[in-house]
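*Asks:* Given next are the chains, with one letter for each unit.
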Amino acid sequence: MSQIETFYDVMRRQGITRRSFMKYCSLTAAALGLAPSFVPKIAHAMETKPRTPVIWVHGLECTCCSESFIRSAHPLAKDVVLSMISLDYDDTLMAAAGHQAEAALQETIEKYKGNYILAVEGNPPLNEDGMFCIVGGKPFVEQLRHAAKDAKAIISWGACASYGCVQAAKPNPTRATPVHKVITDKPIIKVPGCPPIAEVMTGVITYMLTFDRLPELDRQGRPAMFYGQRIHDKCYRRPHFDAGQFVEQWDDENARKGYCLYKMGCKGPTTYNACSTVRWNEGVSFPIQSGHGCIGCSEDGFWDQGTFYDRVTDLTQFGVESNADRIGATAAGVVGAGVAAHAAISALKSAQRKSQTKNEDA
Amino acid sequence: MRDDADHGPAGARIAGDATAADLESLRKHSSVYVYEAPVRIWHWVNAACIMVLIFTGWFIGSPPPSMQIAEATHQFVFGYIRFAHFAAGQILAIGFLGRIYWAFVGNHHARQLFVLPVWSAHWWKEILFELRWYLFLEREPKKYVGHNPLAQTAMFFFMTLGLSFMIVTGFALYSEGLGQGSWMSFFFGWVLTWGGNSQIIHSLHHLGMWAIVVFMIIHIYAAIREDIMSRQSMVSTMISGTRTFKDDRRG
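If you're matching them up, the sequences are chains A and B in order. So in the numbering used here, the last one in the first sequence is 620, and the numbering has no gaps at all. So in the numbering used here, the last one in the second sequence is 1440, and the numbering has no gaps at all.
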């Protein structure tokens, strides 16, 4: 693979100075939570290692992951970020199209057998033999299986590939299925989010290039460095949560003061992501900072958790929309009424018995 | 009521889980020592914890109106509510472990909460009898030294299994705050993975609270009703540990 340029070569060719390159390495190290001693290691890896070939396939998705990815706010320009990897196939971004593109895919698979990373954006629908998503004239699930067979590892980009997202929301008519339920014999990294944060995406790839291994994953298979904590744990509005100061209505004084959005249904306490630390658009803001609660887009089945705007959410399992409090209060009410009626009958019965005994005695 | 005359020495035929020692005691006294001190202490500590957990848990799901006592730095209202919930939950969990321990070392009745004798035809017959009693189809209740089989069943499902569920889901949710890699996450974090989305675990934990409320209503009603209407003591038994019987008739 010596004919492939290293990252450093590509960067220099694109007019990036060595100074900017070193800055990039230290920022990446910081983003990955690594000690400063890792900066030379990252630089060394980038200078010497050939770029890892990446095949990026698209199933049922909205391309928001790609949109996010190309906006990565690393110190280097977005085209350089794209050049970090040798993106040999990505039907959205590549110049080639049609048969040419499919030929490129086939060529990459054969050339780098067992060495390329397969990045999957979106997921395959399995109903009707996968006919709900056709790529290159064939069901996407076939392309996915074909490309996954010789991949070194798979990255599941976004909520679609990781969990299914909106197309898998109940009743999931196309049976859209997350990647790990279709490909079971390859290491899979889930990078959920709708979309995932750009820096998280590039961070994951950089880590894999630098250390030649997958980042540490949590129980659900997400990189622990970005998904190890909840939005809530690092939220800058957390002091208002602990104080018991909440936004009660979208346009109230508390909303203006930037109080906690817990009562407005913020899903920060149940969502694992790096939004409250890395933020979005070059660290400009994130939903809570903009005054809207987190909707939990990086969580499994976030479309099926009832409204985004209630803390105690609706449970759709009961057929009608009802939340735990309404169900519980109804049950308690029915039981309470039953107990009261039972008590009344008990009292009547024993009074009746007493009078009967009296009559018998008399 | 003569149908259970098939066990125990004649003259002291008692339904339920009476042991030979109980019957011997009954021959002399009309009372039996049933609930040992650790069982009674657990009962009331558990009850107190549940009360705290229900109130604080309710507020965690539906917080009280915003309070403006001081700057957020100096105000910790919601924090204290959550602290009370977590503290009560941990006391309850330790108490529950202690109660399980006591099932092994305590007396015969201390085990009743943990094992339903579903293999015993006699036990099923008594369940049916108790159902009939609560449906006003029996004129006179039976005497029980320990729990009657219906109460035992309710306690097994709502308390033994119910509390276990609440402890496991509660600790799983608490482990989210402690973070991955903590001991609590190590032991209970799998629940979150199993649920997929911790919002689901929140909802289940919330429903569990209501199940306990329902149990409380039935439990307190039945205890008071039986204290009045049955032939034995109920409420005071959980205070003194002694079951007294109001008559010396059989069964």
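Hint data in this document are derived by calculation from the structure and do not stem from the laboratory. Being a predicted model, the structure only gives us computed values, none of them experimental. Wrong hints could be hidden among the right ones.
Here are the computed lysine-lysine pairs in the DSSO-like style, where the Cα-Cα straight-line distance is at most 27 Å [what the hints assert, rightly or not]:
| # | chain 1 | residue 1 | chain 2 | residue 2 |
| --- | --- | --- | --- | --- |
| 1 | B | Lys1435 | A | Lys607 |
| 2 | A | Lys396 | A | Lys439 |
| 3 | A | Lys371 | A | Lys307 |
| 4 | A | Lys607 | B | Lys1314 |
| 5 | B | Lys1435 | A | Lys612 |
| 6 | A | Lys428 | A | Lys439 |
| 7 | A | Lys369 | A | Lys307 |
| 8 | A | Lys515 | A | Lys492 |
| 9 | A | Lys410 | A | Lys428 |
| 10 | A | Lys307 | A | Lys281 |
| 11 | A | Lys616 | B | Lys1435 |
| 12 | A | Lys410 | A | Lys444 |
*Asks:* Hints first: check each against the structure and report whether it holds.
*Replies:* Do the hints match the structure? See the list:
1. Straight-line distance between C-alpha atoms of lysine 1435 (chain B) and lysine 607 (chain A) comes to about 20 Å, which keeps the hinted pair within the 27 Å bound.
2. Distance restraint check for lysine 396 (chain A) and lysine 439 (chain A): the Cα-Cα separation of roughly 20 Å lies within the 27 Å cut-off, and the hinted pair is therefore satisfied.
3. Simply put, lysine 371 (chain A) and lysine 307 (chain A) have alpha-carbon atoms about 18 Å apart, close enough for the 27 Å limit, and the pair holds.
4. Simply put, lysine 607 (chain A) and lysine 1314 (chain B) have alpha-carbon atoms about 24 Å apart, close enough for the 27 Å limit, and the pair holds.
5. With a C-alpha separation of about 17 Å, the suggested pair lysine 1435 (chain B) and lysine 612 (chain A) falls inside the 27 Å cut-off, and the hint holds.
6. Proposed proximity of lysine 428 (chain A) and lysine 439 (chain A) is supported: the alpha carbons are some 17 Å apart, at most 27 Å.
7. For the proposed pair lysine 369 (chain A) and lysine 307 (chain A), the alpha carbon gap of about 17 Å is at most 27 Å, so the pair holds.
8. Pair hint lysine 515 (chain A) plus lysine 492 (chain A) holds up; C-alpha atoms about 19 Å apart against a cutoff of 27 Å.
9. Our distance criterion of 27 Å between C-alpha atoms is broken by lysine 410 (chain A) and lysine 428 (chain A), whose separation comes to about 33 Å.
10. A distance of roughly 19 Å separates the Cα atoms of lysine 307 (chain A) and lysine 281 (chain A); the hinted pair therefore holds under the 27 Å criterion.
11. Between the alpha carbons of lysine 616 (chain A) and lysine 1435 (chain B) the distance comes to roughly 20 Å, so the proposed pair stays at or under 27 Å and holds.
12. Between lysine 410 (chain A) and lysine 444 (chain A) the alpha-carbon distance is near 7 Å, which keeps this suggested pair within the 27 Å criterion.
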